[in-house]
Amino acid sequence: MNVALWIVAGVLAAVLLASSAKLVIPKEKILAAGKYAAWAEDFSPAALKALGVVDLMGAVGLILPAVLDIAPILVPVAATGTALLFGGAIIVRIRRGLWATAVAEVLYLAMAVFVAWGRFSLEPFA
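Just so we're aligned, residue 3 is where the sequence shown starts under our numbering, counting upward by one.
Hints are supplied without guarantee of correctness; some may be wrong.
Taking lysine to any residue and the SDA-like style, the derived pairs with C-alpha atoms no more than 20 Å apart in a straight line are [what the hints assert, rightly or not]: (1) Lys37 to Gly99; (2) Lys29 to Ala48; (3) Lys51 to Pro28; (4) Lys51 to Leu86; (5) Lys31 to Ser21.
Simulated from the structure, these hints should not be mistaken for laboratory data.
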């Protein structure tokens, strides 16, 4: 179970790290990516940057506390925050009718819930 939790946390961290590119990519360039990036129209450039920061913090929080053995309780806390982030993403995508990307977000939500549940109860860091 420990290995499975590490793998899922690593995949989630990679997804969040890639998503944190909103920190450096201008809103116009995000919108130019096509209809699946149209959700960015609902947010100001500052809000997109804030989402990028949240993504980056989630990626770091899923891995570093456990690797460095500094406050490893932050791993399931970060996974819980990540689940909330993906829950919000699902709502935004469904409102815009982006069902294909909403399905991916549901998968990421399930992965985040698995890590949170696993690290809080099944295989907590001692």
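Now the hints, each set against the structure:
Our distance criterion of 20 Å between C-alpha atoms is met by lysine 37 and glycine 99, whose separation comes to about 10 Å. At roughly 9 Å between alpha-carbon atoms, lysine 29 and alanine 48 fall within 20 Å of each other, so this suggested pair holds. With a CA separation close to 9 Å, the supplied pair lysine 51 and proline 28 stays within the 20 Å bound. Restraint check: the Cα-Cα separation between lysine 51 and leucine 86 comes to about 18 Å, which is no more than 20 Å; the hinted pair holds.
For the suggested pair lysine 31 and serine 21, the alpha carbons sit about 14 Å apart, so the restraint of at most 20 Å is met.
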